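**Student:** Chain by chain, the residues:
There are 4 protein chains.
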Amino acid sequence: MVAVTIWNEFRHEQEDEDAAAVYPDGIHEALAGVLEDDHEVRTATLDEPEHGLTEDVLESTDVLFWWGHIAHDEVDDEIVDRVQERVLEGMGLIVLHSGHFSKVFKRLMGTTCNLQWREDGGQERLWVVDPGHPIADGLEESIELPTTEMYGEPFDVPEPDRLVFTSWFEGGEVFRSGCCYRRGNGRIFYFRPGHETYPIYEDEEIQRVLRNAVDWASPTAGSPRTFGERE
Amino acid sequence: MVAVTIWNEFRHEQEDEDAAAVYPDGIHEALAGVLEDDHEVRTATLDEPEHGLTEDVLESTDVLFWWGHIAHDEVDDEIVDRVQERVLEGMGLIVLHSGHFSKVFKRLMGTTCNLQWREDGGQERLWVVDPGHPIADGLEESIELPTTEMYGEPFDVPEPDRLVFTSWFEGGEVFRSGCCYRRGNGRIFYFRPGHETYPIYEDEEIQRVLRNAVDWASPTAGSPRTFGERE
Amino acid sequence: MVAVTIWNEFRHEQEDEDAAAVYPDGIHEALAGVLEDDHEVRTATLDEPEHGLTEDVLESTDVLFWWGHIAHDEVDDEIVDRVQERVLEGMGLIVLHSGHFSKVFKRLMGTTCNLQWREDGGQERLWVVDPGHPIADGLEESIELPTTEMYGEPFDVPEPDRLVFTSWFEGGEVFRSGCCYRRGNGRIFYFRPGHETYPIYEDEEIQRVLRNAVDWASPTAGSPRTFGERE
Amino acid sequence: MVAVTIWNEFRHEQEDEDAAAVYPDGIHEALAGVLEDDHEVRTATLDEPEHGLTEDVLESTDVLFWWGHIAHDEVDDEIVDRVQERVLEGMGLIVLHSGHFSKVFKRLMGTTCNLQWREDGGQERLWVVDPGHPIADGLEESIELPTTEMYGEPFDVPEPDRLVFTSWFEGGEVFRSGCCYRRGNGRIFYFRPGHETYPIYEDEEIQRVLRNAVDWASPTAGSPRTFGERE
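Protein chains in written order, with UniProt numbering: chain A, 1 to 231; chain B, 1 to 231; chain C, 1 to 231; chain D, 1 to 231.
Simulated from the structure, these hints should not be mistaken for laboratory data.
All of these numbers come straight from a predicted model, not from anything done at the bench.
Among the hints, erroneous ones may be present.
Any copy will do: because identical chains look the same in the list, a pair fits if it lies in one copy or spans two.
To be verified - Taking lysine to any residue pairs in the SDA-like style, the calculated list, with each CA pair at most 20 Å apart, reads:
1) K103 to D77
2) K106 to D25
3) K103 to E170
4) K106 to G138
5) K106 to G90
Work out the full structure: start from the sequences and follow the hints.
**Tutor:** Next comes the structure, spelled out in structure tokens:
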């Protein structure tokens, strides 16, 4: 069984009534609920020692989820190093929504990961632009979300290896909302949907994407990454 | 000076009053007008001998434009071979709008190049998703077109080398509307805007894209393409 | 169980003593032997009706292998159309060695697929340049083949989506010898090793690559490829 | 005229007799000599204040060269931030040889940038695998270097946007020795050749590549990179 660790900043839900109303146990528990039937799921949060990401935890994680928003700067650089190293060794990484601005994602992308945004509660439609991608397995041609925060282009990331979703927003914007990367042996998926007060992760199609993404991001055996001096 | 040849099917404008009203001399002449100040421009049309694309014409062409819609099947396979060969040698190719279904484009892509469409005269906004690309030089963050035909995903083309534009449509769709490819030594740019009865090519920002695309698609010297048996 | 069809031109082995000595039942049977324990394997050859690739056969094939060399031109264009269509729908395609010049591969690539070559029986070493790729699962850092035909750059194909292997040749050349592409919903892997008189497919590491490639190229469910007019 | 700044660690040449014999004024001066006829060239070195890379210098630089080897750790993180920011805004960056392990390159790639190596003075042949790329303009099909340090795969970098050169080494290895990337609006070229005691930069074909790379990496106008909240 694939070992999934869900990391959540877990601040909104403890500080903000609206967020607590939607995610009373935290976004990490909501995500765990989506995945726990078919995966071995653990959670970790910012305020735990080592943010819950000890070497043992990371060593035994196949796929790591990352959700953060208002406290990116509080993530210790040493833990960022550790996550980066594990991704390059093969651990999958799924970065959600406002995690675009996390130290971990910026470190792995090498860019600002900046974008445009507007918190207007408008409609979003995620179009599958790569119907052959395993992350799109079993979806319809698009996913509709009635109430979302808008993210708009330009999105300052490297050109994705594969672009799976592009979002249409009621207010007139578009966004590359499902982006696949490989870095070292690790697979990275950035997936835009999510918010601390809109119940995006209760949507069944979004849940299907999250499960597909775990399958896609799981490590494969690969061949040796042997570096250094050769005889 | 870059030598541009503009190929147009030139049927709508001779058969259909609405098209003739917008492009009385044909779409090729309208495009020629956009480019002729800074380039050496020729035109060629379907009903000329060899569709106007003799070996001499192609040999002396740096960048070829392609506009076709209702008569793709009438293009001779031998001419398609000839265009493909010249692109692989280094000639640039700019495929416009309904040219997505031309034999030439399908030959070079290897896919169906199919898509969704709706002729509703709705609004389109082309977002620059790659602000560092030379085809975006001098543009604003997006281009607005008040009245267009909709093209929607999925667009069955290989993942572009660089995606420059993504379109938002009033009716709820998105489309990868500016796609860059290299095939052999040739640069290929697919650019969605255009229509036989909407005066898209009169838009100054669209004209800027067309000029930028010629600069980008022009051949470079390169190094030898030497194939075959080696000693 | 994944349904594999192995297509072989099957001419060398019937016309040439040296080839018959290495592959007495044909290259297709040798490849079938490699895969039949874990897959449902069929074979098809040029001289069968419809080259053995009827609509029924292709419809029930998950992954198609392609080996051809001296009779590429005898492959019927209608069958090429059929194979291309099935790949775009999702069938995997693994093109081996001299299959680089097959109609099927050239059709899907859109380029000449030309290269340099020398039949000198020299040494080849295939380096894994993408150790995280599933096609490299379980390999060492390189594969050594003591006696091969050389293929050298430039190789006139589109830039691969992922480059898995690069070959070093004793005579001084390099070659991108393991190239991954997606076209439509189909996965395509070009793998250089193979020859009609060198027993390349008896090498255990090469066999491991062939099995890995079948796993990688197998279709996934995907989402709808719905094209045409929208309401 | 394109404004080039050549950054060199400049330690080997001051500390090591062999390096001083080959590059008496430093590698930066040798590179400046290659480029100064057609470009506005400045140099900067590690031991200058702010490593010679003040905000003014970077602001007025179109293309930055980077050569470092034994003192990567002495480069101040603040200067690394500054260089990264300028690249994302559009400044070109050309990273040479052992610069693969510089903080600047690792920051922009997001990976370890590790590789295999052997200092054996063997022969290298750089094959052009992308003859249509402007960095290959005017070259032959390959460049021969009689005496080099070997760099071998795996090279832990993101899959290049375009791979221009692949090296063959006498000792049996291959290496992706000319890799193009875009990050933000900036163009990045990693070019393997170079060494502190082998006079690689005196080779005329290598000099041609350096000049071509400056042309390719020079900023274009682009369109706005506007981020943040939208109305």
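**Student:** The structure should be examined with respect to each hint, and the outcome stated for every one.
**Tutor:** Status of the hints after comparison with the structure:
1. For the homomeric pair K103 and D77, the shortest alpha-carbon distances inside one copy (8 Å) and between copies (15 Å) are both at most 20 Å.
2. Proximity of K106 and D25 under a CA criterion of 20 Å is satisfied in neither setting, with 28 Å inside one chain copy and 38 Å between copies.
3. Proximity of K103 and E170 under a CA criterion of 20 Å is satisfied in neither setting, with 30 Å inside one chain copy and 36 Å between copies.
4. In this homomeric assembly, K106 and G138 never come within 20 Å of each other (Cα to Cα): the closest approach is 31 Å inside a single copy and 28 Å across copies.
5. Taking the shortest Cα distances, K106 and G90 sit within 20 Å of each other both inside one copy (18 Å) and across copies (18 Å).
The structure fails hints 2, 3 and 4 (numbered hints given earlier, in ascending order).
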